[in-house]
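If you're matching them up, the sequences are chains Z and A in order. Heads up: the first sequence begins at 1 in my numbering, then just goes up one per residue. Heads up: the second sequence begins at 319 in my numbering, then just goes up one per residue.
Read the hints as simulated data drawn from the structure, not as lab findings. Since we're looking at a predicted model, the values are computed, not measured. It is possible that part of the hints are untrue.
[Said to hold, decoys possible] The calculated label-pair distances, taken between Cβ atoms and stated as ranges, are:
hint	chain 1	residue 1	chain 2	residue 2	range
1	Z	L187	A	C344	58 to 66 Å
2	Z	A242	A	A354	26 to 34 Å
3	A	D580	Z	V130	45 to 53 Å
4	A	C344	Z	F102	56 to 64 Å
5	Z	E177	A	D340	24 to 32 Å
6	A	I480	Z	A26	42 to 50 Å
7	A	W566	Z	L187	58 to 66 Å
8	A	D340	Z	F102	51 to 59 Å
9	Z	T307	A	V604	45 to 53 Å
10	A	P601	Z	G24	36 to 44 Å
11	A	K329	Z	D107	34 to 42 Å
12	A	W566	Z	P119	51 to 59 Å
13	A	D340	Z	T131	44 to 52 Å
Don't be surprised by glycine CBs; every beta carbon is placed ideally from N, CA and C.
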Amino acid sequence: MSEALGAAAMMEIPVVCINVQRAGPATGVPTKTEQGDLWQVLGAGQGDYPRIIVAPTNIVDCFTLVPTLFNLVDKFQCPGIILSDLLLSEGRSSIDPDELDFSVPIDRGDVIGLNGDGPPVNGGFKRYLVTDSGISPRALPGTPGYVHVVATDEHDEDGVLISDEFTDPHKRQAIHEKRMRKMDGVLPLLPAPELHGATDAQVTLVGWGSTEGVIREAMQQLAGAGIVASNLQVRWLVPLHADAIVSILSTCRKVVIVENNYSGQFARYLRSETGIAADGHIRKYDGEPFMPHHIVDGVKAILAGSTKLYVPVHEIQV
Amino acid sequence: MATVVQAERVKVTVKDLKGKVDPDWCPGCGDFGVLAALKQAIAELGLQPHEVLTVSGIGCSSNLPGYLNTYGMHTLHGRAVAVATGAQLANHHLKIVVTGGDGDGYGIGGNHFVHAMRRNVDLTYIVMNNQVYGLTTGQLSPTSIKGMNTKSTPFGSVENPINPIPLAIAAGATYVARGFTGQQKQLVELIKGGMQHRGFALIDTFSPCVTYNHDNTHEFFKQRTRKLEEMGHDPTDFHDAMEKGCLWGEVIPIGLFWRYPDLPALDQLEPVLGEGGPLAHRPLGVAPDIAQALVNELM
Chain Z
1 MSEALGAAAM MEIPVVCINV QRAGPATGVP TKTEQGDLWQ VLGAGQGDYP RIIVAPTNIV
61 DCFTLVPTLF NLVDKFQCPG IILSDLLLSE GRSSIDPDEL DFSVPIDRGD VIGLNGDGPP
121 VNGGFKRYLV TDSGISPRAL PGTPGYVHVV ATDEHDEDGV LISDEFTDPH KRQAIHEKRM
181 RKMDGVLPLL PAPELHGATD AQVTLVGWGS TEGVIREAMQ QLAGAGIVAS NLQVRWLVPL
241 HADAIVSILS TCRKVVIVEN NYSGQFARYL RSETGIAADG HIRKYDGEPF MPHHIVDGVK
301 AILAGSTKLY VPVHEIQV
Chain A
319 MATVVQAERV KVTVKDLKGK VDPDWCPGCG DFGVLAALKQ AIAELGLQPH EVLTVSGIGC
379 SSNLPGYLNT YGMHTLHGRA VAVATGAQLA NHHLKIVVTG GDGDGYGIGG NHFVHAMRRN
439 VDLTYIVMNN QVYGLTTGQL SPTSIKGMNT KSTPFGSVEN PINPIPLAIA AGATYVARGF
499 TGQQKQLVEL IKGGMQHRGF ALIDTFSPCV TYNHDNTHEF FKQRTRKLEE MGHDPTDFHD
559 AMEKGCLWGE VIPIGLFWRY PDLPALDQLE PVLGEGGPLA HRPLGVAPDI AQALVNELM
């Protein structure tokens, strides 16, 4: 079904998809939580295409991210994916109503026909005009004078298919590069992740998405036990602020990645994008979210050198 | 005093509806007839190119939007009806025509097909039915007749084909017709009728594949098709429509099987679309009073 994501990217139609991760369907406990779909969304669909992926870090963030991502995908005319999980979507937390901003600015980008029609360019409209930014003029169907066809097959600037021309590698390359170039413009608009806590902490806990709350609570418990920990929580996953992450983690004393899956999906992604191999891993894949003491125990075990991979056993509470 | 000049609608001719490129279909392909009939229907209905959106999936016939000067979307194999449903709800002022083949629509797209009919989405769906997968060079399709030899069934198909006419009537389509590219005049009328119909219109069209289907040829249909209007058919009679829809053999009826104009289309049932114009043109955002009411409800 993820073929449709590629289609949206190819036709350059903005869309926001929300993936609420769980251990399923078909792979275990679909009514419980997991951070198991990272590589699914990194590779969703076929071929290469521009996409934005973001993992909200708490329940208020889920509320905030939706309009933010809509604005981005409207501007860059590509799909955007919110990688939430069951912990957030079915979890509960008390929040201050003032944190909910209902009057966020909405930016649809430049869309011809949205706020009145432009001057008709009958027959001459180039929907996929090659530009420096990669962003091409967009017109809503129904607008007089801008008739065009959008297609999942590769096409020229005017939308005419080239995939059956035997064959036009130069045009394919130019339009493909145009689409992918849009991602260069996305990264500077995204906030880089920042280190939370002391820069000279004994251990830096790296997490992504929903584990922020439990990691921060574990840090407090660790402090009580005399262990100074910091946290780098990654929210924007694609495009990734790899340089900023490298510059933060390269000065950290010990890097431990905390995530809710078996295979260390984020650890592998981080390594592929930055070359950073973590010193230790705390993973949980039993369907339940982390409790703070799971992370505390993991940090202690890793600092003691007894293991590099700590998997807590969830206490059954009756 | 200034006078308001009513802009005169430019009369659109068949020539104006020609797309940027010519079709790459095989010489003699039935799809040329469907393209010609669709252009004729749009011109006769007095529609402007920007008022029409054609949506297709993947296949030989799904290349049609590129050969027509209207807004077009050439989407995914089997998903045209799903995309068109979204487009219709986003802008219910557009005239939306879905074009594709039997494999695309009745095979991989079968689910979308059935549910769009159940919902009575205001679409005109022209299926260029050649009873074979042509673009992939001749494999068995959902409408291939039993026993047919194809690349994927070298010893003859063992499966029964789907019959889209009774399927569509049973599923809730409110305009169900069958055309034949050898009967252009009738085909134009059927398409016009479908586009004027408010609700889901299926026009299953025999559009013979001259390259990969040597059983169901132009000549095959010429000898067997009979116009429903000459058979004394009443398209408002459900039982008669079902019965005629099941006929297949020496006589294969073509024309309008079923029409049920009393059922509202999906967009007419959606209260939000009742006033305020197409969704696509409305401002986004939440008014402060509505936002406050929501917060109060949650407190």
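Cβ-Cβ distance between A:W566 and Z:L187: within 58 to 66 Å?
holds (60 Å)
Quick one: are A:D340 and Z:T131 within 44 to 52 Å, going by C-beta?
violated (29 Å)
Given a hinted range of 24 to 32 Å, is it respected by the beta-carbon distance of Z:E177 and A:D340?
Since Z:E177 and A:D340 have Cβ atoms about 29 Å apart, the given range 24 to 32 Å holds.
Should the hint that Z:T307 and A:V604 are 45 to 53 Å apart at their CB atoms be regarded as holding?
holds (49 Å)
Can you tell me whether the CB distance of Z:L187 to A:C344 sits inside 58 to 66 Å?
Cβ of Z:L187 to Cβ of A:C344: about 48 Å, so the range 58 to 66 Å is violated.
Return holds or violated for the Cβ distance of A:D340 and Z:F102 against the range 51 to 59 Å.
holds (52 Å)
Taking the Cβ atom of A:I480 and the Cβ atom of Z:A26, is their distance within the range 42 to 50 Å?
violated (28 Å)
Hint check for Z:P119 and A:W566 - Cβ pair distance inside 51 to 59 Å:
Holds - the Cβ-Cβ distance for A:W566 and Z:P119, about 54 Å, lies within 51 to 59 Å.
Range first: 34 to 42 Å. Now tell me if the beta carbons of A:K329 and Z:D107 are that far apart.
holds (40 Å)
Within 45 to 53 Å: is that where the Cβ-Cβ distance between A:D580 and Z:V130 falls?
holds (51 Å)
Cβ distance range 26 to 34 Å for Z:A242 and A:A354, holds or violated:
With a Cβ separation near 55 Å, Z:A242 and A:A354 fall outside 26 to 34 Å, so the hint is violated.
So does A:C344 sit 56 to 64 Å from Z:F102, Cβ to Cβ?
Given a distance of about 57 Å, which is inside 56 to 64 Å, the answer is holds.
When the structure is compared with the earlier hints, violations turn up for hints 1, 2, 6 and 13 and for no others.
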